[in-house]
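Assemble the complex: chain A is given as a structure, and chain B must be docked to it using the hints.
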Amino acid sequence: MTAENFIAKLINLMDTEAEINLSTKLADVEDWDSLSMVSFFSYCNSTLGKKILPEQIKSAQTVEDLYKLAGGAL
Amino acid sequence: MSVTFDFTGKNFVVVGASSGIGKQAAIELSYSGANVLAIGRNLERLAELKQNSPISLVKRPPRIFTEQLDVLTATIDDWTEVLGNFTSAVGRINGGVYTAGIWGLTPLNSFDETLAHKIFDTSFWGAVNFVQVATRKKFSDGGGSFVLMSSIAGDFSGKSLFAYSAAKAAVQSAVKSFAKEIIRSKHRINSVAPALVKTEMMQNEMYAATANEEIISRHLLGLGTARDVAGMILFLLSDRAAWITGQNFFVDGGYIVGSYN
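As they're listed, the protein sequences go chains A and B. Using this note's numbering, the first residue of the first sequence is number 180, and each one after it goes up by one. Using this note's numbering, the first residue of the second sequence is number 31, and each one after it goes up by one.
Same shape as in the complex, but just chain A:
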């Protein structure tokens, strides 16, 4: 998955209108809340078949960290 596709997917998951790029800090995104974390968790584990742990999501700092968790290579 390209970074662009991933960001589009993430915007959809969070239902956010904020400007997002790989270096965006998650703490600055108001819509990155517990519901978004669950959405991302379920997206990785179910849709992508990529087994990750909730702790890994909690410790992510930037959008790029999430991209790596989702299996994206930079």
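FYI, nobody ran anything at the bench for these hints, they're computed from the structure. Hints are supplied without guarantee of correctness; some may be wrong.
Stated by the list, open to error - Derived contacts from chain A toward chain B, CB cut-off under 8 Å, selection only:
1. Asp194
2. Glu196
3. Leu214
Just so you know, these numbers come straight off a predicted model, no measurement behind them. A virtual CB, placed ideally from N, CA and C, is assigned to each residue, including glycine.
This is chain B only, laid out in the frame that chain A set:
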């Protein structure tokens, strides 16, 4: 003594608006000043709704917009397109009603699998897709209100009705979960569960066969009309229901209490 609602300048979507309860809700919303997107399978009947609705009698142009969509086959992209067309014309929506549903008998030992799935897809999965897309920030102002159709069959099933009953019960359960998620955008969602209502769906021969004298007599107030149910829908969409979410409301003409001694 009458209750009227003022939805002036508000925007609502009604899915399943070509007949029955959906049609009635679309007309009454429009009558109350709202811009209405009426979505249905049958474009001709939607056009009829536009032309023959009582709103043509009032001194302003009809504010019913129509879009053809089959909820059985509509993808998320299709939903996005029809909602996008409406919101670009009138602005973001303030809520929506999903009334699409079909009825059919599914006896355990001989049910038609295609029909059973169709019943579920129309009443339940179509509603899920609608709520997912309609509650997005792109389309909905915060604080919107959404209403899905359940049925007394969701709680009080009859023989050969497992698919219909399960789909309607599923709607009630999903509403409770959705309420917790969409409160993030201050949206509310509830379901309405009518008993027997005299609509086009009831002209269905099988349906008529099931609605025997005994069943009918349980309705202490007689069989319902689409108008009886639309009143509850408009109330739930309105600000007067601002403290109500995640609930199911029976509008049953006394059916439930009329069912036992």
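For this session: Of all the hints given earlier, name the ones this structure violates by number, lowest first.
Result: none
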